[in-house]
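K.L.:
Work out the full structure: start from the sequences and follow the hints.
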Amino acid sequence: MSVATKARVGNSSSVLAQVAKKACVSSGTVSRVFNNSELIPDGTRSRVLSAARELGFRPRVGVRTPQIALITEPPQKTVMGGYVNTMTQYICHALSRSDATVRMITEDRIDNLVNCWFDGIIGVAWEDHTIEILKGIKNIPVIWLSNLYKEYFHCIYIDGTETGNLAGDYLVNKGHRRIAVIHDVDYAGHLRADGVGEAMRRKGIDPAQNLMKIPNSMPLHLAVKQLIDAECTAVWVTGEDMKVLEVNWLIQELAGKRVPEDISLMGFENPGISEFLCPSLTTIASPLHEMAEKAVELVLRDDLRELRQIKMQVRLIERNSITTIL
Numbered sequence: 001m002s003v004a005t006k007a008r009v010g011n012s013s014s015v016l017a018q019v020a021k022k023a024c025v026s027s028g029t030v031s032r033v034f035n036n037s038e039l040i041p042d043g044t045r046s047r048v049l050s051a052a053r054e055l056g057f058r059p060r061v062g063v064r065t066p067q068i069a070l071i072t073e074p075p076q077k078t079v080m081g082g083y084v085n086t087m088t089q090y091i092c093h094a095l096s097r098s099d100a101t102v103r104m105i106t107e108d109r110i111d112n113l114v115n116c117w118f119d120g121i122i123g124v125a126w127e128d129h130t131i132e133i134l135k136g137i138k139n140i141p142v143i144w145l146s147n148l149y150k151e152y153f154h155c156i157y158i159d160g161t162e163t164g165n166l167a168g169d170y171l172v173n174k175g176h177r178r179i180a181v182i183h184d185v186d187y188a189g190h191l192r193a194d195g196v197g198e199a200m201r202r203k204g205i206d207p208a209q210n211l212m213k214i215p216n217s218m219p220l221h222l223a224v225k226q227l228i229d230a231e232c233t234a235v236w237v238t239g240e241d242m243k244v245l246e247v248n249w250l251i252q253e254l255a256g257k258r259v260p261e262d263i264s265l266m267g268f269e270n271p272g273i274s275e276f277l278c279p280s281l282t283t284i285a286s287p288l289h290e291m292a293e294k295a296v297e298l299v300l301r302d303d304l305r306e307l308r309q310i311k312m313q314v315r316l317i318e319r320n321s322i323t324t325i326l
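Residue numbers (my numbering): 1 to 326.
Don't read these hints as lab results, they were simulated from the structure.
All values derive from a computational prediction rather than experimental measurement.
Fair warning: there could be bad hints in the mix.
[Unchecked claim] Below, simulated DSS-like cross-link-like pairs (lysine-lysine); rule was C-alpha separation at most 30 Å, straight line: (1) Lys257 x Lys203; (2) Lys294 x Lys138; (3) Lys294 x Lys203; (4) Lys257 x Lys225.
P.N.:
Here you go:
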């Protein structure tokens with residue numbers, strides 16, 4: 001049985017002693033490092049953490065308060081009511097109910113990951129530098145809310161292509177033949193847009209001629225002008241929740257068009273005010289709360305061996321912002 005396996009089932013004093021010996025400190029110092037005591041000098045902390053990781057040691061969560069790192073966006077990048085903001089809140093709430101200690105690590109402070117001990121890591125937002133650091137962390141469960149790095153981490157995700165298929169099928173079945181997708185420029189955003197194209201192609205509609213993919217990095221007033229000039233009859237806004245509200249305003253107030261009579265509008269993530277818009281917004285809802293609960297359940301488990309990939313399902317909520325074209 002490896003040292004890592006012993007640690008997962010026992011937290012024995014002999015294992016603590018091994019870490020202490022390798023780091024040239026006392027067992028008490030090792031314990032304080034694992035509890036992230038601020039009284040430990042940085043050099044000592046670094047030696048203990050390096051020794052523990054080399055030995056594959058992980059304290060058993062059942063006999064101590066689990067300490068979880070939550071990787072998220074810095075405040076200046078967070079969109080109020082957006083995906084990252086909402087998911088971060090849900091995860092923090094779920095961890096608090098589990099009596100776990102959570103420390104938020106923003107992308108601009110990601111190096112803090114290697115200076116503290118964590119029993120698990122949940123990733124909501126990331127950059128390339130973040131991924132490279134996490135690849136080097138062993139014997140600690142990393143739960144990623146995407147399947148982009150499924151070969152490295154446990155993943156809880158929504159299939160972007162299937163989500164796009166759902167949106168595309170719905171719009172085409174409503175008679176729409178010229179469709180615009182305003183999408184994120186990340187991995188999932190491109191998959192959703194491509195999924196709409198797949199659905200159109202299955203119905204005999206050439207997406208190369210009839211699907212307009214607009215990155216949401218473009219100013220939205222220009223995006224709306226483009227889709228109107230292209231005579232699109234429907235637009236799906238797949239990015240941050242609040243962007244669809246801006247698109248709705250631009251279509252009606254700036255362009256002078258009616259929703260859904262002139263242009264149908266579909267949202268994503270189901271922000272809380274969708275049903276109160278005029279007209280109420282048809283949207284594809286992601287199970288964000290359930291994803292947060294599942295992420296916390298996984299990160300606190302003490303028996304994870306093989307990488308887990310858990311796919312969650314979206315659902316379409318039909319309201320009044322999509323018209324049927326005969």
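K.L.:
Please go over all the hints and tell whether each is borne out by the structure.
P.N.:
These are the hints, each one checked on the structure:
For a cut-off of 30 Å, the pair hint linking Lys257 to Lys203 stands: about 28 Å separates their Cα positions. Using a Cα cut-off of 30 Å, the hinted pair Lys294 and Lys138 holds, with the two alpha carbons roughly 21 Å apart. Of the supplied pair hints, the one linking Lys294 and Lys203 is violated, its CA atoms being roughly 36 Å apart against a limit of 30 Å. About 11 Å separates the Cα atoms of Lys257 and Lys225, which keeps this hinted pair within 30 Å; it holds.
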